[in-house]
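Quick mapping for you: the protein sequence lines, in order, are chains D and E. Letter 28 of the first sequence, counting from 1, is numbered 28 in our numbering, and no numbers are missing. Letter 34 of the second sequence, counting from 1, is numbered 34 in our numbering, and no numbers are missing.
Just to be clear, a hint being listed does not mean it is correct.
As the list claims (entries may be wrong) - Taking CB as the label site, the calculated pair distances span:
1) E:53 - D:53: 35 to 41 angstroms
2) E:20 - D:41: 47 to 53 angstroms
3) E:113 - D:69: 22 to 28 angstroms
4) E:95 - D:56: 23 to 29 angstroms
5) D:56 - E:69: 29 to 35 angstroms
6) E:52 - D:98: 15 to 21 angstroms
7) E:50 - D:17: 41 to 47 angstroms
8) D:5 - E:17: 36 to 42 angstroms
9) D:83 - E:53: 17 to 23 angstroms
10) E:67 - D:60: 32 to 38 angstroms
To be verified - Some chain E residues well away from chain D (every beta-carbon gap over 10 angstroms; in silico):
11) 69
12) 84
13) 92
Source of the hints: derived by calculation from the structure; they are not laboratory data. For every residue, glycine included, the Cβ atom is placed at its ideal position computed from N, Cα and C.
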Amino acid sequence: AQSVTQLGSHVSVSEGALVLLRCNYSSSVPPYLFWYVQYPNQGLQLLLKYTTGATLVKGINGFEAEFKKSETSFHLTKPSAHMSDAAEYFCAVSNQAGTALIFGKGTTLSVSS
Amino acid sequence: DGGITQSPKYLFRKEGQNVTLSCEQNLNHDAMYWYRQDPGQGLRLIYYSQIVNDFQKGDIAEGYSVSREKKESFPLTVTSAQKNPTAFYLCASRLAGGQETQYFGPGTRLLVL
Chain D
1 AQSVTQLGSH
11 VSVSEGALVL
21 LRCNYSSSVP
31 PYLFWYVQYP
41 NQGLQLLLKY
51 TTGATLVKGI
61 NGFEAEFKKS
71 ETSFHLTKPS
81 AHMSDAAEYF
91 CAVSNQAGTA
101 LIFGKGTTLS
111 VSS
Chain E
1 DGGITQSPKY
11 LFRKEGQNVT
21 LSCEQNLNHD
31 AMYWYRQDPG
41 QGLRLIYYSQ
51 IVNDFQKGDI
61 AEGYSVSREK
71 KESFPLTVTS
81 AQKNPTAFYL
91 CASRLAGGQE
101 TQYFGPGTRL
111 LVL
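Please construct the entire structure, taking both the sequences and the accompanying hints into account.
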């Protein structure tokens, strides 16, 4: 069965520092992988997704993620954090039937000046 | 503008009362979803629907009911059988296909009086 593990429920970085949010998945079929961002009391917004093809995926707001099949990982990175990046981030994998997404428990990113 | 609307933004439920959360989309999406979000637990799937007049239970369907009489509408009823309904409820929709992006509404916060 498909599952997602996000390592670290809270990550704190300084403004200008590298952001690294970790996501590992389990899937019995080639996975479709997604990263979403959620600001307080709002819905989720897609940052980026991997379906097929190039394993390095670029998204909005300077974020990118690399699909590593051998490591079953899809970590999210951004070279330089900005205060506006403070939010909750969710990794998700499509279920085996392709009918729904399975979400990780989320990582809250804090950015200090 | 195309998008997903949820109403109301805040909803209060009294003991023993059923309440209905509205979700409407004008994106012409085939599939619609309801998630429940609690702090530290990520998003948990309540119900989803791939086509009109058909829906499937998610991981936490007990105490909830849905209908899908129109393609653009997918209301969720929180029944009195749901003993702990306080949460943030998110509706989403997407085109058919596991690689397709889910788009989210702004959410409804349900509180128990």
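So, going through the hints one by one against the coordinates:
1. E:53 - D:53: 35 to 41 angstroms: At 36 angstroms between Cβs, range holds.
2. E:20 - D:41: 47 to 53 angstroms: violated, 21 angstroms
3. E:113 - D:69: 22 to 28 angstroms: Given about 50 angstroms between the Cβ atoms, the range is violated.
4. E:95 - D:56: 23 to 29 angstroms: holds, 25 angstroms
5. D:56 - E:69: 29 to 35 angstroms: The hinted range 29 to 35 angstroms is violated for residue 56 of chain D and residue 69 of chain E, with Cβ atoms some 43 angstroms apart.
6. E:52 - D:98: 15 to 21 angstroms: holds, 19 angstroms
7. E:50 - D:17: 41 to 47 angstroms: This hint holds: roughly 43 angstroms between Cβ atoms.
8. D:5 - E:17: 36 to 42 angstroms: holds, 37 angstroms
9. D:83 - E:53: 17 to 23 angstroms: Once the Cβ atoms are compared, 47 angstroms apart, the range 17 to 23 angstroms for residue 53 of chain E and residue 83 of chain D is violated.
10. E:67 - D:60: 32 to 38 angstroms: Cβ of residue 67 of chain E to Cβ of residue 60 of chain D: about 34 angstroms, so the range 32 to 38 angstroms holds.
11. 69: Its Cβ never comes within 10 angstroms of chain D, the nearest being 20 angstroms, so this holds.
12. 84: Label holds. Min Cβ-Cβ 18 angstroms, cutoff 10 angstroms.
13. 92: violated, 8 angstroms
In this structure, the hints that do not hold are numbers 2, 3, 5, 9 and 13, in rising order.
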